[in-house]
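Q: Build the full structure now, drawing on both the sequences and the hints.
Chains as they are written, first to last, in the working numbering: chain B, 6 to 342; chain S, 6 to 342.
Worth flagging that the hints you see were computed from the coordinates, not collected in a lab. Quick caveat, the model's predicted, so the values are computed rather than measured. C-beta: ideal position from N, C-alpha, C; glycine also. Don't take each hint at face value.
Said to hold, decoys possible - Label pairs and their in silico Cβ distance ranges:
1) B:177 with S:321: 27 to 33 Å
2) B:152 with S:153: 43 to 49 Å
3) S:221 with B:71: 31 to 37 Å
4) B:295 with S:38: 54 to 60 Å
5) S:221 with B:110: 41 to 47 Å
6) B:324 with S:18: 56 to 62 Å
7) B:150 with S:213: 35 to 41 Å
8) S:121 with B:67: 53 to 59 Å
9) S:306 with B:295: 47 to 53 Å
10) B:292 with S:82: 53 to 59 Å
11) S:152 with B:292: 21 to 27 Å
12) B:61 with S:221: 35 to 41 Å
13) S:188 with B:110: 56 to 62 Å
There are 2 protein chains.
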Amino acid sequence: MPQNPQIHLVSRPTGEPSADNFKLVTLDTPALQDKQVLVKHAFLSLDPYMRGRMNDTKSYTLPQPLNSVMIGGTVGEVVESRHPKFAAGDKVVGMGGWQTYSVVDADTPGMLRKVDTTHVPISHYLGAVGMPGVTAWHGLVRIIEAKAGQTLTVSAASGAVGSAFGALAKARGCRVVGIAGGQDKCAYVVKELGFDACIDYKEHKDYLSLSKALKEACPDGIDGHFENVGGMVLDAVMLRMNQFGSIAVCGMIAGYNGQPIPMANPSLILVNRMKVQGFIVSEHPDDWPLALQELGGLVGSGQFRPRETVAQGLASAPEAFFGLLKGKNFGKQVVQI
Amino acid sequence: MPQNPQIHLVSRPTGEPSADNFKLVTLDTPALQDKQVLVKHAFLSLDPYMRGRMNDTKSYTLPQPLNSVMIGGTVGEVVESRHPKFAAGDKVVGMGGWQTYSVVDADTPGMLRKVDTTHVPISHYLGAVGMPGVTAWHGLVRIIEAKAGQTLTVSAASGAVGSAFGALAKARGCRVVGIAGGQDKCAYVVKELGFDACIDYKEHKDYLSLSKALKEACPDGIDGHFENVGGMVLDAVMLRMNQFGSIAVCGMIAGYNGQPIPMANPSLILVNRMKVQGFIVSEHPDDWPLALQELGGLVGSGQFRPRETVAQGLASAPEAFFGLLKGKNFGKQVVQI
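A: And the structure:
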């Protein structure tokens, strides 16, 4: 069996994570048991939720254990199979973690899924046609319940979730305004992703200033918002929400590294009779087939062409992850193994 | 036609309202037009929402105009009628305002409703079997969607809305824990209203301390919360909410007089996949008949015996209102005209 380079979490960060929280280890790949499949990873997904897992605190899932392979979504190819439904050469998506190979108990539901790479590049099954895409779909369809003609906003608009949100919202006839960090990202969001407008939050010193820019970009107010960030962006959006507006809360990346960030004016929830609802996409398995079908169609037809930032080689994963947490990536961040 | 003493709003408060914001004026009652009804008020309702109306800022309704009768719910008796559906002697509930008589265009839907005072004292149609009761019902049934066996909490538990929430929740087999200000109120909430426990928030210097008390009173966590206050109480409750819990936001009384009060840890909305939703009861007219029927049954049968604080005479309304804003009342605050 082949050698399997892998990255372990060896200590928990206080504040920002750093390289010494991780360790590159090379182990042998164990021989396959019955119903198991050996997958060689082509790409590893890096996602903001991983920062939360590095902590040892109560959250919606268990913490990542120390001294074992970091959790993470992967796409790749079956190289050996002892399961009747998988054969060598199959392209698959799973949760293989930060390593070169994974041995998967393919009988466990949801562990491994074959994908069609005829029209959709395999790495997109980690982004637009994967977990981030379904995340955007759930927030848009189930929480915001978007309707044609509405104005919607999304933070981290150039990222994997934000860009999928924009494509899905445009397909429904909504006006979509992105919020992103930097002129380059904003230009990409408007010119390549087809958003109606994009606001660079870095140009604003506080939420009142950002809120003014939102007022110009959203002259009819905001009917629905998808929150990936929290903090100043959320405060600014709340000031512009219309009556009976909904906010889908998917991420609070700004708070992961330190103290909780307060919400400036929660009384707006009452004044505008808003709904603010948090969710995690893995708890809504029923949505996945419908969402993936729509997202696959948008990407396969070329209607939605999301960019990716590709780091080269497993060893580059920690640095690429730190960059993701600082917003250095452009679109979906993956690592080519 | 009789003389009609009435109270006008003559200036807007900055911060706490005071007596000089109001003026007692006596006018003649105009002669009735066709389809109009003259009502002599027995009781005037005082409610926290009135503080919001005194401001000239955007809220969910228009501000109370200056130099006209303060808005408010009233119960009383028809003394003269030019409408075929009303006759002298009818007991009615309406929005007569801070005055002794009102002339009502009885053809306008929702302006005037006859009530049965056989089993329910008339003043209760301003509280337990009126707008506050329906408010509690909507939050409990439509937003929290309470189920038997769940643990629910409510702030301002001894007030008109809070006490109705407790009665409705107990009728559904829930564990109900109140939060109120002072030992006397807490004793009333448990001994007379039948809550399972009540926490005196005045005994706690910050939300972390209050949250600890909530942990003891709610060993299985909190599944649903009805918020009448905001601020420290909301922050404390959020720390104890269970996964998929719901918060119905009905009041933010603590913020009316000054700056917005932030929410300490909004990321809990994500961590616990919570729903936080604001509402105002007047926008849900379909709920009223069902809610009033249930509330009338609970009060009429003696299962729910809410207390009232009764101020005597129209001129006492401003002082009684200031007391309400400071939590001096015990149960529903009304003014006997």
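Q: Next step is simple, just say for each hint if it's right about the structure.
A: Going through the hints against the structure:
1. B:177 with S:321: 27 to 33 Å: violated, 56 Å
2. B:152 with S:153: 43 to 49 Å: Violated, since residue 152 of chain B and residue 153 of chain S (Cβ atoms, about 35 Å apart) do not stay within the stated range.
3. S:221 with B:71: 31 to 37 Å: This hint holds: roughly 33 Å between Cβ atoms.
4. B:295 with S:38: 54 to 60 Å: holds, 59 Å
5. S:221 with B:110: 41 to 47 Å: holds, 43 Å
6. B:324 with S:18: 56 to 62 Å: holds, 57 Å
7. B:150 with S:213: 35 to 41 Å: Given a distance of about 36 Å, which is inside 35 to 41 Å, the answer is holds.
8. S:121 with B:67: 53 to 59 Å: holds, 57 Å
9. S:306 with B:295: 47 to 53 Å: holds, 48 Å
10. B:292 with S:82: 53 to 59 Å: holds, 57 Å
11. S:152 with B:292: 21 to 27 Å: Roughly 24 Å apart at Cβ, these two residues keep to the hinted range, so it holds.
12. B:61 with S:221: 35 to 41 Å: Cβ of residue 61 of chain B to Cβ of residue 221 of chain S: about 25 Å, so the range 35 to 41 Å is violated.
13. S:188 with B:110: 56 to 62 Å: holds, 59 Å
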